[in-house]
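**Student:** The residues making up each chain are set out below.
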Amino acid sequence: MIPVLSLIFLTPIAGAVLILLLKPERRAEARMIAAACTLASLLLSAFVYAGYAGDMGAINAALNPEPPAPREGPSPEEIFRMPLEERLALPEAEPAEDAPEDPTPGFCEECFRYEERADWINAGPIRIGYHVGVDGLSAPMLLLTGLASFCGVLISWKVEDRVREFMAFFLLLTAGVYGVFMALDAFLLFFCYEMTIFPMYILIRAWGWKETRQYASMKLTLYIFAGSVVALVGVLAMVFLGGKAAGVYSFDLFDMARVSAEGAYDGRIVAGVPAVTLAKFVFPFVFLGFGVLAGIFPFHNWSPDGHVAAPTAVSMMHAGVLMKIGAYSAFRIAITLLPEGARAHLPWIVLLALINVLYGALIALRQRDLKYVIGFSSVSHMGLVIMGWATMNVTGLTGAGLQMFSHGVMTALFFACVGVIYDRTHTRDIPSMGGLLRPLPLTALAFLIGGLASMGMPGLSGFMAEIPILIGMWNADHALLAGEWAVRGHYALAAIAAGLGIVITAAYIFRAVQAVFLGDGPTEDIPPSSSLDRFALIVLALTLIALGIFPQIMAPLIESAVTPAARLLGGF
Amino acid sequence: MFGLLSGLIFLPLLGAAVVLLVPRDQVKWARGAAMAFALAAFGLAGALWVAFQDPAFCDPDAHFCFVERHAWYPAIGASFALGVDGLSVTMVLLAGLLVPLAILISWEIAERAHAFLALMLILEAAVMGAFVALDLLIFFLFWESSLVPMGLIIGVWGGKKARPAAIKFMLFTMGGSLGMFAAIQVIGAALGTFDIPALLNAWPAWEGAGGSGTYLGVDVGLIKNLTFLAFGTAFAVKLPVWPLHIWLPDAHTEAPTSGSMLLAGILLKMGGYGFLRLVLPLFPEQSADSAGLMGALGVVGIIMGALAALGQRDLKRLVAYSSVSHMGFVLLGIAAAALARSQVAVTAAIDGEILEMFAHGLSSPAMFLLVGAIYHRAGTRNMDELGGLWEAAPILSGLMILAAFGSLGLPGTGGFVAELLVLRGIWSVFVWEAVLGAVGTIFLSGYVLKALYGTLFGEVQPGEKNLEISAREIAAVLPLIVMLILTGVLPNWILPVLNRAVMILLQ
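Listed in order, the protein sequences are those of chains A and B.
Numbered according to this note's numbering, the first sequence spans residues 1139 to 1710.
Numbered according to this note's numbering, the second sequence spans residues 5 to 511.
Since the hints were derived computationally from the structure, they do not count as laboratory data.
Fair warning: there could be bad hints in the mix.
One side of the interface only, derived from the structure: several residues of chain A facing chain B at Cβ under 10 Å [unchecked claim]: (1) Val-1297; (2) Leu-1360; (3) Val-1532; (4) Gly-1597; (5) Met-1611; (6) Arg-1626; (7) Ile-1634; (8) Leu-1638; (9) Ile-1696.
It should be emphasised that the depicted structure is a prediction, and the values quoted were computed from it without experimental measurement.
Where is the CB? At the ideal position from N, CA and C, for every residue including glycine.
Work out the full structure, taking the sequences as your base and the hints as a guide.
**Tutor:** Printed below as a string of structure tokens:
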């Protein structure tokens, strides 16, 4: 049995070490090693994805166990149709034995594949371990990480400044992201989560845009770090306070899910205040703490600055994948393990998500800097992911998972396009650009495809993600409780308002396409894009189209992964 | 199995891929490939037309024929479902006919020819898809994706002010369908399916969650009214209904000739198609309640469009406004059908309405083509600067007169039969509208005669070179004119098919 997931995780780390052992002037080798390692991880992720997708029959069977065998004798319908005499002659029906109440944990443990487990600390009740595995949500995320990191290396082929260090840090960042998506142990998850922050800071601080990199890198780091600490404190509270009732202090997510299913997190934490349970109290901290990295309003402020200051590959990685870490962890830990808290808090968090969608789009409309347009569009689109989580039903949660993948690929494509343009024009100021369709036709086409996906054009992946989210919003009828007051129907209104966000998106995308690629501008001395750039753009654009035409290649996986959580939350 | 209808969608898409794979410098091969695929699609459309009338292939009592269903997105209850009735096959035939002619007329486009030809074929695939979709989400998918190729054709290959016109076109139609998008979500969320045949029964009978009369705390009647409004707006923008037509003259004027042909010939028809396929069957009560308004807007459209056309100096703008006027007749037919679905007399109105869409789909592209031919040679479309073409270019003038008569609705052309049927059909329900609509036809003849006089007769403008139309352009326009006259003289080649659609619609 080959430890595929460990290989995915360790290959970039090994590559980083290898690159650092090179002499500084061996630039070509450093690039080749980085490309080879990210490609190897991408191929392994694709292998994992294909393997998981091929096993969907067994996974759906595990998810929906066979109903108990029907009782012998005539069925209720047959009894109903019998003449009265025959019916009276039937033996007295025995009362059906109630199946033992089986607390359903938030994880379908049989649905995980490629699991690896090794104890790290197993001292009495305290358990921390290296536990990795994939389900239908993490498999697409691994694939996304592979795509974004490999294309990121291709796009940064022209980096000449300290290539060795750049590539090494980029590989470390990639490894950390992979780690979060495969971790099945809260401690490992936090370890990898923090592991992404340090290389991210260095990459932006040293290779970023000179004007703002100092400010932006520090702001980004502080925001994300503070958010993760808040989330960590919440998780520690879950492990220790909740674990006290269950007698297990385990960081293993499976154990935590069992503890949650036994109701250990529903205990009161303030004597005399019955409404405040551990789950309800901790949920906002954990969810919003992770939500900082997902760019949730009002903690989104680091994101546009960070994206703009970062070098192209890091923007791709950051907006494309890193923000998904936040949304993914918020789902994996906060929603799955604290369903009671989710039911209590998500009905108001959906309003924050709505602000994300509308406000992000409106601000994007006002930007002069092309990279800020994309940065704020990410804020807007991540709002849809949070909205999908907040629906708490299978359709909406599936949409959120699809939106994570779709937005990841789309925004990586956007930042790659902007990088290609900036490397050639040395400006990102929209009014001073124009007519780039002529020298960079493929980049223009790629940007247009990304833009159409971004505005939810049917036939591209954005639509396939948005429509389940919005349908989930229509089906979600959770009341917003504020003291004595209960507001109903705000989900439907939010769904309508989110539709407005699509119009604003269309407006800023058209504005950018029109001003940058059409119109007039100095285009004589712009060199054509390199074949590596083109390859990266084509790979990303084709992914958007493929998912847009065949949503079935991904939707069933995500659906299987969110179903257990949706069952806990009571939404189908 | 994938059948004839999938072929109609995927063949042009395949063609687009092939065209894009032809090397950059081989423009002739790209044109040839595009033409071959467009003709093959036309062949499929013709085969569909024949097979549809053959009971061996299509049960005459079935609602939809050639139905295909493939699993597509079960997570939200959407499937890739296709099927046709008489209305669809007519529109498919029109689209299949127009695309090869549009490719033929844009033979000389050399700038980024590969992309242009590929976009034409993608547009064809999207339009075909919208006409044969039997799933609301698939319909919306094709409906929206037809915008992008059309917007690009206008914006990149259009005239001097094409970009604002293209963006106006995109934003109007996208904005119009936004409400429809929300309404589709509501229908899907409420009933859990997007299957059109299922919805045709389920949605009008729907009584809210568990028959409670409310949904999400809102009265079901209100929800139905709002969704009706949303669907109606989307199709009204596309048709276009006065006063939502203001994107149309700019888009037509700035589009390249072939773009105008497809825009007028097929894309506007998607609006009328949407009304008949979705709005009337899904919202019978709401349609009947607002039939008066629709009829009034139809009449206003007929008269205002004709008057606006009368005021134009630019030939292309004139033809564009005439579309608004013709689409007024289409709306009038829809209104009559909405008001009195059960009356037999009204069947004539719907027959006429579909025929009007078909005839306008022939005459309007022919007019755009000829105006484009004039502009191509004379360098102007301004009637003040043109004149005397009758002597300078007799063949062009002869064709122009034939096409203009078709547009005018002169007896012997398809337009006459169509307008006659519409007016005859609405006579029993909308007397005043019928009278005003008939008056509108007088204005129609006014602007057509004005255009003919301004360009064909009068003084020959000095300095004009050889203005005669080329053989390629004749080959492109002749099929349209032949079909137009054929439909006028022998309308029975098409009416039985339309009638079948109408009878099912009225059930």
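**Student:** Could you run down the list of hints and mark each one as holding or not?
**Tutor:** Consistency of the hints with the structure:
1. Val-1297: Interface hint status for Val-1297/A: violated (31 Å vs cutoff 10 Å).
2. Leu-1360: 39 Å, violated
3. Val-1532: Constraint on Val-1532/A satisfied, holds at 8 Å.
4. Gly-1597: Result: holds, 5 Å to nearest chain B Cβ.
5. Met-1611: 8 Å, holds
6. Arg-1626: 6 Å, holds
7. Ile-1634: 6 Å, holds
8. Leu-1638: With Cβ-Cβ at 8 Å, under 10 Å, it holds.
9. Ile-1696: 8 Å, holds
Checked against the numbered hints above, the structure breaks hints 1, 2 and satisfies the rest.
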